Amino acid sequence: MEYSIKVTRLYKHFMQRGKRSGQGLFAPKKTVKAVDGINLFVKPGEIIGIIGESGCGKSTFGKLLIKLEDASKGEIWLDGREIGEFYKNDRLLFRRTVQMVFQNPFDTFDPRFTIRKILTETLDIHRIGETEQEKLELVLKGLNEVGLCPAEEYLDRYPHELSGGQLQRISILRAMLLKPKVLISDEPVSMLDVSVRADVLKMLKRLARENGTTLLFISHDINTVRYISDRVAVMYLGRIVEEGIADEVLHNPQHPYTKALISNCSSIDVFEKREKIQVDGEPPSPIDNGPGCYFAPRCFCAYELCNETYPETVYINETHCAACHRIHRMTDEKDPQGEIHLS
Amino acid sequence: MSRLKDNKQLRNGIIFLTVILFVAAAAPLLATHDPFKLNEDILAAPGSKYLLGSDGLGRDVFSGIIYGARTSIMVGVIAAVISAVIGVVIGGIAGFFGGKTDLVISEIINIFLMLPSFFLILIVVALFGSNLFNMMIIIGLTTWTSNAKLMRAQALSLRERTFIKAQMTLGKSRGRILIEHIIPNGIFPIIANTTMNISQAILLESSLSFLGLGDPNLISWGQMVYQGKSYLVNGWWVSTFSGLAIVITVLAFYLIGDGLNNVLNPKLRAKK
Chain R
5 MEYSIKVTRL
15 YKHFMQRGKR
25 SGQGLFAPKK
35 TVKAVDGINL
45 FVKPGEIIGI
55 IGESGCGKST
65 FGKLLIKLED
75 ASKGEIWLDG
85 REIGEFYKND
95 RLLFRRTVQM
105 VFQNPFDTFD
115 PRFTIRKILT
125 ETLDIHRIGE
135 TEQEKLELVL
145 KGLNEVGLCP
155 AEEYLDRYPH
165 ELSGGQLQRI
175 SILRAMLLKP
185 KVLISDEPVS
195 MLDVSVRADV
205 LKMLKRLARE
215 NGTTLLFISH
225 DINTVRYISD
235 RVAVMYLGRI
245 VEEGIADEVL
255 HNPQHPYTKA
265 LISNCSSIDV
275 FEKREKIQVD
285 GEPPSPIDNG
295 PGCYFAPRCF
305 CAYELCNETY
315 PETVYINETH
325 CAACHRIHRM
335 TDEKDPQGEI
345 HLS
Chain D
691 MSRLKDNKQL
701 RNGIIFLTVI
711 LFVAAAAPLL
721 ATHDPFKLNE
731 DILAAPGSKY
741 LLGSDGLGRD
751 VFSGIIYGAR
761 TSIMVGVIAA
771 VISAVIGVVI
781 GGIAGFFGGK
791 TDLVISEIIN
801 IFLMLPSFFL
811 ILIVVALFGS
821 NLFNMMIIIG
831 LTTWTSNAKL
841 MRAQALSLRE
851 RTFIKAQMTL
861 GKSRGRILIE
871 HIIPNGIFPI
881 IANTTMNISQ
891 AILLESSLSF
901 LGLGDPNLIS
911 WGQMVYQGKS
921 YLVNGWWVST
931 FSGLAIVITV
941 LAFYLIGDGL
951 NNVLNPKLRA
961 KK
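Taken in sequence, the protein lines are chains R and D.
Quick note: my numbering has the first sequence finishing at residue 347, numbered continuously throughout.
Quick note: my numbering has the second sequence finishing at residue 962, numbered continuously throughout.
Excised from the complex, chain D in its bound form:
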């Protein structure tokens, strides 16, 4: 636990994240306007009435950013969890069962690694429409490969450990060994990787929204950047502040991910 406190990256990341989570949770209390409401002042500069200005349709940017935090965090977390679950199961099976299973799964992972996932996502969104649910699923389905590779490596090394062999000689079935011993003992790098994946998913969602493929019924930072793009000359605040929100959130998750990695990985720890 002391290592957790000593790690500056992790500490700063957690502070950032707590603030962001608080903002997302307390959005109705913090917001000064209804984020959907079209106010009369179009492109008002940041000031006392509109803290961070208003956009081309008269919506308050500050309130938008606060409500947008909910979308971003939800997309990030759910997509990353989907990707972690798929990755852990597939990677665990490949590494633990080995042999032909491993061969086939490894090739499938390679195929997924080769696919340009962003364009895959574009195609799916174009085909099935852009709602948040689709987006989370598709981000999860295309980013699990890194988790699978990590879990496979863990399973490969764990499977040679005596306690796994001992469980086999005791008569536990291989499926149970995988679930009860391999996965829980090998999950730490995946946890660290998942926080990184959250930030990636947030970025992906923002990129999609920026391309105009976001869910039109929700407020998201990517969409705000996209909408503010056309007013960049006479209303710089719309894109800038929503962009900053993305940067800070992504940074927070990266700091946590990297910090966790340093704390949990004994090799990196030894270097310090």
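Chain R with its partners taken away, still in its complex shape:
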């Protein structure tokens, strides 16, 4: 089975300039572990959501996939090719294989260019379309497809004349013009008006399905991820702590962090009785985490082992896995004390 995205043991450590952990001139430099050993396999055409709080490394992970950052360690395979080699051998083909939609639509386009220039230029770079007329037709068709009609009206406008929603549609269109196999969208709706979010999400999902594009959807908003994704991966401090089919993870979370996240998620049903799990403290900094589970200091059900070793990833079923000592005990030893009780 050929995976569309295959990530094995991916690390990205940022060195902190001038700061050393401990005393002395030769103490090792402080490193920020933004991505700390991620494994991820995504099938072609799948939509996978990455959830996590700010600073957990989800954006860095996205940038690693599209080579805006270089990994410190580990391998990324996109569409069956290792991206380092891929990029070296055929830069343009690599760019056509993976595209990105950015968070801030107001800053995604050069303010001096019109929409026409922005879009046709993209085609020019990749030599798509032979004549100017053909390119223009492609652009117009695309604009209609993303719900900007009449398309001609948008062509000669500048980015600052359009709203966030319209710009984000154009941003998605620009990425999809290249028919990428993989599309990374880094919080594409977080800066948009609530009123247009649903539309943009729907369109993104539709385009991904129609083109068979694998979509990596990075967000901190569980509701949008629930809406769009087939599968979900939950990140905490650079690691994936739980992963599985979206509905299963979100309705039957195994990792205490996922539980806390979901229990704090707002619901439209005011009568739904749920107890919120309070997670105290700031997320710890991703520097010098110690040997134990990264979540242990804030976890509501941590015990001694959690502070000693990082838990192995355990498969709850074929598609659902999580990294927590509690699950291990629950499944292996059937220790009633170890079960996590949630009302």
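Short, incomplete list of chain R residues facing chain D, as computed with Cβ under 10 Å:
1) Lys-71
2) Leu-72
3) Arg-95
4) Leu-96
5) Val-102
6) Gln-103
7) Phe-106
8) Ile-129
9) Pro-163
Okay, the calculated bits of chain D under chain R, using three or more residues with CB under 8 Å as the criterion:
10) 849-855
11) 859-866
Hints are computed from structural coordinates only; laboratory data are not their basis.
On a predicted model such as this, the values are computed, not experimentally measured, just so you know.
Just so you know, even glycine gets a beta-carbon here, dropped at the ideal spot from N, CA and C.
Model the placement of chain D on the given structure of chain R, informed by the hints.
What follows is chain D alone, placed relative to chain R:
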């Protein structure tokens, strides 16, 4: 655009500059004498025959000043443009490419900043002779560092902007991003700085001429000040009026530069 009009410095500067440019362009019409011609009256006081007097060789000062405007503006503009082009390219490369390239270029900039450029210019003029062309090139080659520093800072901040990252993910080559996006979006402070550089270049050329290293085949204000120096006691007008011309021109470019800076720089604008 309204901000352009509101800024008094800029407005006054532009008025001054327009007058100077007009004088330079219409020099043959405005001049009362041939500036090179040695007239019979030596050191004539300002009056109806010689508006601003004549110098020790009998040349008309007024006509000299009018023709000198051409030299000064040409030297100033061309030297400043050379310095802007070099500065923008080098600074842009350093800031945008970063890493080791940046390190090396930054050190080169520091070396150039350390060099006493005026003496460098003196040496070059002494070695290669003093003609206008040499002078413009050498002024341009020694004053680009401020532009390079400005452009580097611009590139450093622009490179983190989303639209630059987006261009990278689209597959544009880094050279093209530099030329098409980084430089056009970061050029405004350099434009303001360049007008300041024009006045500096004019001053430099005048200083060189004052030291007797100017192009002897051209009329320049610096040379007039230099030649008038020996007659300062009995012919004060030669140095004084040509000196005033330098002051006014330099002031005009400074006003424009400073005004542009205020208009284009949002931080300074907010303070008002």
